[in-house]
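Trainee: Protein sequences appear in the order of chains V and F. The numbers in UniProt numbering rise by one with no breaks, and the one at position 123 of the first sequence is 123. The numbers in UniProt numbering rise by one with no breaks, and the one at position 162 of the second sequence is 162.
Wrong hints could be hidden among the right ones.
[Unchecked claim] Straight-line C-alpha distance at most 30 Å; calculated DSBU-like pairs for lysine-lysine: (1) V:Lys-215 to F:Lys-58; (2) F:Lys-25 to F:Lys-143; (3) V:Lys-72 to V:Lys-216; (4) F:Lys-143 to V:Lys-216; (5) F:Lys-25 to F:Lys-60; (6) F:Lys-297 to F:Lys-236.
[Stated by the list, open to error] These stretches of chain F come out as covered by chain V in the derived footprint (C-beta under 8 Å, 3 or more residues): (7) 121-135; (8) 146-153.
Hints listed in this document are in silico derivations from the structure and should not be mistaken for laboratory results. Don't be surprised by glycine CBs; every beta carbon is placed ideally from N, CA and C.
Now for the letters of each chain:
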Amino acid sequence: MSAAAAGTSKAAHGDVAPKKRRGPGALATAYLVIYNVVMTAGWLVIAVGLVRAYLARGSYHGLYYSIEKPLKFFQTGAMLEVREVMSRVFLTWAVTHSVREVQSEDSVLLFVTAWTVTEIIRYSFYTFSLLNHLPFLIKWARYTFFFVLYPMGVTGELLTIYAALPYVQKTGLYSVTLPNKYNFSFDYHSFLILVMISYIPLFPQLYFHMIRQRKKVLGHIEDYSKVE
Amino acid sequence: MSRTTFFEVAVLDANTREQICFLDKVDPYSTIGNIKCLFQKSYPHWYPARQALKLDPKGKILRDEEILLHLPVGTTATMFFIDLGPQLGWTMVFLAEYIGPLLTYLLFYFRVPYIYSHRYASTSSPHPVVTRACACHTFHYVKRMIETIFVHRFTHGTMPLRIIVRNCAYYWGFSAWLAYYINHPLYTPPSYGEIQFNYGLIMFVMCELGNFSIHVTLNNLRGDGIRGRRYPIPTKNPFTWLFLFVSCPNYTYEVGAWVSFSIMTQCLPVAFYTLLGFIQMSIWAKGKHRAYSREFKDYPSLRMAIIPLIL
């Protein structure tokens, strides 16, 4: 009797992702489940690819090439979730893909690893939530691993952009200069610097948002241990 | 027989729920506006435009015209106060928004030192197109400021300061960006030369006249003593005949003016700015169109919001 009561109160508190108020229709749920399963699988493929390539080569160098295709595919596929993923797509295509010299940098491995682990946890979290069967471990992982993964990912991203700067300046990549027929100019080098600067306000916002979410979602673990 | 029972009003801070003001001997026929004035006597820096009064902390803000007696309160009314922050009257808002583009463009036109490379400082462009474009841009904003002062009559009194800052950043920022390219030493005149510029200029003048005509028409609509509200209709002025096709021809003409300016200058940033303006004005026009359609049962069905027959 008391176990059932504890169970229901847990469910009431523990609900995060699936909005229990209305809930998506059956078709939408099916779509979301399939989408999230596919994304989890995709990022697992990338993770396995990384490990295998490392074991084969014995070093970290060139690991980007072993997962280049699935990375591009699955990161771009995530365009369906517009959110903070915009920066990921930008990093993948507009920086790492476009500036070949950057692809052998360790910083690329840093952010790819961070993204991979984050995404596997995140998509499993969504999948399980949609099926209304969320293991506490996944929820805990989602709201705890970010403490390390976010700064790790951001560091990797910033270092990669920074590494790309001299090549972009030298080659004038994606840049348009005056004079031209449409009286327009764009300096990709300056743009990249602006992007780096934008991390200063944006990253703390995201980070503290996650910390607040964590308090809300996991905050009452102490309550349960007292109840028991 | 004493007709008036005076009311009392207790004003509480909406966040802290503490009483911050108590007004007694309040005439039951006082409006919220009157009460705000009384409130200001205790807090002189909180002018009425900054005050928001509510009957419930999470409820709707009471309008200034509402009368105390008609509110669902007893003879002692409790109201909750929120400070809306510094406010600026509409006239000042628009003047602040428009003076920026007017002046910044001229800074670039006269190539004030430090904007462009040193050897171009204080020089002028060899292209006549550039001077004429400056004249058009300047005329556009001078016209807007004159309309703001003499033509428009504004409804809600004020606008919050942070919105004004945001709007000014938009107007000032974009005009600086446009002006930078048009007045640049490496500016390239339009591909089809004088013809392209002149056609653009004619279209520009027509759209400015059209826009002005619509503003005057809308203004007269408001000025009519007739209490019944009517929607705008075409007048003898041919420019107002666009009302046959759209609800907001002022926006149509405004977009037209910026399209012509893009053609005259053949400058991509101008075209981009035009696009943004078009998107924003379409949203406003659609809202206005919907409001008209709902309010007037006989609203002409041929009319679209901003683009004849299309949008």
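Trainee: Taking the hints in turn, state whether each one holds.
Mentor: Hints versus structure:
1. V:Lys-215 to F:Lys-58: Holds, at about 26 Å.
2. F:Lys-25 to F:Lys-143: violated, 49 Å
3. V:Lys-72 to V:Lys-216: violated, 34 Å
4. F:Lys-143 to V:Lys-216: violated, 54 Å
5. F:Lys-25 to F:Lys-60: Holds, at roughly 25 Å.
6. F:Lys-297 to F:Lys-236: holds, 25 Å
7. 121-135: violated (count 0)
8. 146-153: violated (count 0)
Checked against the numbered hints given earlier, the structure breaks hints 2, 3, 4, 7 and 8 and satisfies all the rest.
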